[in-house]
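S.K.: With chain A's structure known, arrange chains B and C on it following the hints.
Single-letter residue listing:
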Amino acid sequence: MTTTTVMPPADTVDSAKASASGRVSRGSKHPVLLHVALLAGLILMVGPFVWMIISSFKTTGELRQLPPTFIPEEPTLTNYRDLFDRLDFPRYFFNSTVVALCVTAGNLLFCSMVGYALAKLEFAGKRVLLVLVLATLMVPGTVTFMPQFVLISNMGLANTHAALILPTVVGALGVFLMRQFISGIPDELLDAARIDGAGEYRIFFKIILPLCGAPLATLAILTFLGSWNAFLWPLVVASTEDMYTLPVALSLFAIGQQETNVALQMAGAVVVVLPVVVLFLAMQRYVIQGIATTGIK
Amino acid sequence: MTAAVTAENLSESIKEEVEAPPRRSRPTRKQNLVGWSFALPFVGLFVVFMAGPILVSLITSFTDLRSTDIRSPFGVNFVGFDNYGDVFSDPKFRKAAVNTAIFVFVGVPLTMSLGLLAAVGLNQGIVKFRSVFRLGFYLPAITSIVAIAVVWRLLLGADTGLINGLLDVVGIDGPGWLNDTQFALPSLIVMAAWKNLGFSMIVFLAGLQSIPVDLYEAAAVDGAKRWQPFRYITLPLLRPTILFVAVITSIGYLQFFEEPFVMTQGGPLDSTLSVSYHAYNQFSFGNYGYTAAVSYVLFVAIAVFTFIQFRLLRPKT
Amino acid sequence: MAPAKCSFVTTHRSAPKRSLRVFAVGVSLALVVAACGRDDEEGADDAPGASADTSDDGAADTSGDDTSAGAAEGSIDVWAMGTEGEKLGVLADGFMAEFPDIKVNVTAVPWDAAHDRIVNSIAGGEVPDVSMIGTTWMGEFATLGGLEPTPEGIDSSQFFEGSWETTEVGGVSYGVPWYVETRLIYYRTDLAEQGGFNQAPANWDEFTQLVQAQVDAGAEFGVSLQPGGVGAWQTFMPFFWQAGGEMLDESGAFTLDSEACVEALTFYDSFFEEGLTPPAVSDVPVEGSFTNGDVGSFISGPWMIGVVTDAGADPATWTVAHQPTEEAGTSFIGGSNLAVFEQADNKAAGWAFIEYLSRPEVQVEWYETVSDLPAVRSAWDDPALADDALLAAFGEQLEDAKSAPAIPTWEEIAAVIDDQIEGVTVGNTTPEDGCTTMQQEAESIGTGL
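Residue numbers (this note's numbering), protein chains in the order written: chain A, 1 to 297; chain B, 1 to 317; chain C, 1 to 449.
So here's chain A without its partners, still in its complex pose:
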């Protein structure tokens, strides 16, 4: 499962635009009740994360105590030390980062190129291409991972970063996003440039891309998150520890021999989750700004 798609929340709720856009405001009869309910919901949603972080500073023995303790009785950094010394988490972190960055870069470039072509250029087979690409969005990972694996192995790339990157370096979602957005760019802009003698590549890099800040930012976050959190493919294709990504490492240490060291698992989970949260917090603002400056298309 895992719907790794993530829609940007950025533009939607912005108090500056409150009354102008169609935001509903009603039910202001029970503000206290509403806030209490929302707060309860928030606690339920964020609770497990708080538990995860607190637990990562406990020892496994303490985690097994009943009744459960909140603040660690003897806070310890052993788990984190273990992750970084005994286990090879810096390496896994590196792998996850490299792969996610490359996949994101690839998607940004190639999907915007083909998105431009599909939105603004005419060429034979255009329709077929779009339909086929979008159709693959429904294909489950289990269909492709086995042939992809055989292919990667026969290319001699098994257990390399390339193996982790290549199958997802382009994706249908990127095509759709970029095509949608670029369709909205007025043709007149492009025609004017063509009249001035600019070639399509110049138009693409000098006119189109700069205007695409918002969808590119969106696509960047979605792709990075998806790649960082990906599980099945890295599980199948990485055969030695030095090629594991963070989720794979975490799962293998959580359900294998080390199953009994639950505090260590919590620390591992923190390491997997934290960078994504930080990135998202940072990028969230960027996406809001992006939308604000370019206007809603």
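The hints are simulated quantities; they were obtained by calculation from the structure and are not laboratory data.
Be careful, since some hints might not be right.
Within a straight-line C-alpha distance of at most 27 Å, the following computed BS3-like cross-link-like pairs (lysine-lysine) qualify [to be verified]:
id, chain 1, residue 1, chain 2, residue 2
1, C, Lys103, C, Lys87
2, B, Lys30, A, Lys206
3, B, Lys225, B, Lys128
4, A, Lys206, A, Lys126
5, A, Lys120, A, Lys206
6, B, Lys30, A, Lys126
7, B, Lys30, A, Lys120
M.R.: Showing chains B and C alone in chain A's frame:
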């Protein structure tokens, strides 16, 4: 980019492309070259790593390929629909299919309702700290399912988990959750809803935003009571958004794999075995032909289910 | 799942010149179908027997040269799992000191990933030179054509018979046993004493009495048996063998559906029926429950000696016992083997390393490093092992221990057995139905040979 716009845009753009009247002039040679030069890197990678494997998988599903044949993959026999026959007569597959169906039919509405509830709650004009709430509700959706599964497995521990610990404090003897055939799958469903409601919420928020306030004001003037505006204005106008969320969530849920893999290994007694997990197990036994067949059955199920949702929830114009 | 999958699809397809494309695709498919198909020749090439006879020069050369250091040089990649992976460097250093021309690179692979890793590496051609291989995986890897047959120069009688059998697939040996383990009953002597039955159980009835005594003395559960799930067969099969059961007969057909199976499964289930064992695996590890007296006994391997001691159990309060004897007193033998890969770059050096690891003194050194029991019989004469009462018990049990047949489909068969065990202990399946289903499913999966 609001969700309502996205959902409509997507179906419209596809329809445009596909049902457009034939163009009056064929693209010129130069136009083809330029167009394809932009498209080529994408298409090349796409064909090799996506389209190709999809096709190969289909072909493999008609053979008896096993992992022992991997060094001579062309030396296998075609067995027609035997693999598919095996799949449907396999009690494990049937169990997995039932589990997956339950997961989807219970999980998707649950996730969407919670998301809608949260969106409606957050959409109230008087909410303070809206962005904090929004971020908090959304947080689980962006985190790795593996990390979530590890944390929840600890929380649901039969003897020492936090949930049973808290229940114990109020005197309730919590069940074995993941060890109990009755509670294992429901636990996974609740966990999935918890994780994914944020996505629904965000999309619904966008949809709610785009409904003009005057509609509600008019309804209030006409004397509409409590839930009537919601039923008669909000919901119908949210149809495209509901369709979008339903399709995305269903496709994800139909493929659920990481939850049972990390938390229960399909047990107890296969009560949390999903179709994807069953396919993965067969892959690790080396039954590649069978794996391909199961995967294709799942693919067809996804396609059919999506199609049905489109039909049922299609925005009425 | 691949990242960023969003979706919509329409059911329309409108492609110009569609019929031409369909025709082209159809023709290519037809050609592919015509070209495919198993040949008998290819099948013969893949059979283990054939590869032993027509094996490439590597095998022929090493049987003569494998003991001379001069022939082996270069570097080798060695994979090992779990603790062995973490600690193998110690032995590798000793080897490299003696054979300065050979460099050994050890990679640790976690157990869960190991099976798939090795399969994938054979498939992809990216194999190490030497790997530790779980005994139950030998059949599969050998039939894949991934392993090199053992050179003639290595003497099989130096190893325990049960462990040597785990290296044989279809009559040919691939690799050597490295270390072994077997399963004994760990029980609390103090609780047993209190409950009125403090002795090693000689048969099944006495085993039940021992377990009951633990409960009578206050343990919540008299024994901790695995109710199902991965590996439950290792706890169950000894009872099957003790009742006289055999997994395969001489012709290689499955004989799971026997009186012995029903008896064993009924006996195993009796502990669940009577509430003498926990109905599900607890999140508290067994050494913890054993030490604090919640669980009176369990069945496991030699590694638990250290684990239980580390958990703080007083050595005077517990011991190990030989498996109960009905028609036989058989236990499960496990452990790992070492093998050289058929596609390896440096087989000569690989076999040299394996021979080094099989020397009795190195086996003892390995025992002292990670507590793995030697597969080499003469290593047991060393005081480090002979003088330890608990270990001596394991040594004795090793003389009567069996393992799973080394067939390629074993993992799948094991899963079937695990499922049926779970069905009987946790679900509503009767032992008779459980055994029948095991047999039926095993037959439909086949041995793969």
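S.K.: Starting from lysine 30 (chain B), check that the Cα of lysine 120 (chain A) is at most 27 Å away, please.
M.R.: holds (15 Å)
S.K.: Tell me if the straight-line CA distance from lysine 30 (chain B) to lysine 126 (chain A) falls inside 27 Å.
M.R.: holds (15 Å)
S.K.: Is the hinted pair lysine 120 (chain A) and lysine 206 (chain A) satisfied, with a Cα-Cα distance of at most 27 Å?
M.R.: holds (15 Å)
S.K.: Would you mind confirming whether the straight-line C-alpha gap from lysine 225 (chain B) to lysine 128 (chain B) stays at or under 27 Å?
M.R.: holds (26 Å)
S.K.: Does the structure keep lysine 30 (chain B) and lysine 206 (chain A) at a Cα separation of 27 Å or less?
M.R.: holds (21 Å)
S.K.: Starting from lysine 103 (chain C), check that the Cα of lysine 87 (chain C) is at most 27 Å away, please.
M.R.: Between lysine 103 (chain C) and lysine 87 (chain C) the Cα gap is close to 16 Å, so the pair holds against 27 Å.
S.K.: Below or equal to 27 Å on CA atoms is what counts here, so check lysine 206 (chain A) against lysine 126 (chain A).
M.R.: holds (24 Å)
The structure shown violates none of the earlier numbered hints.
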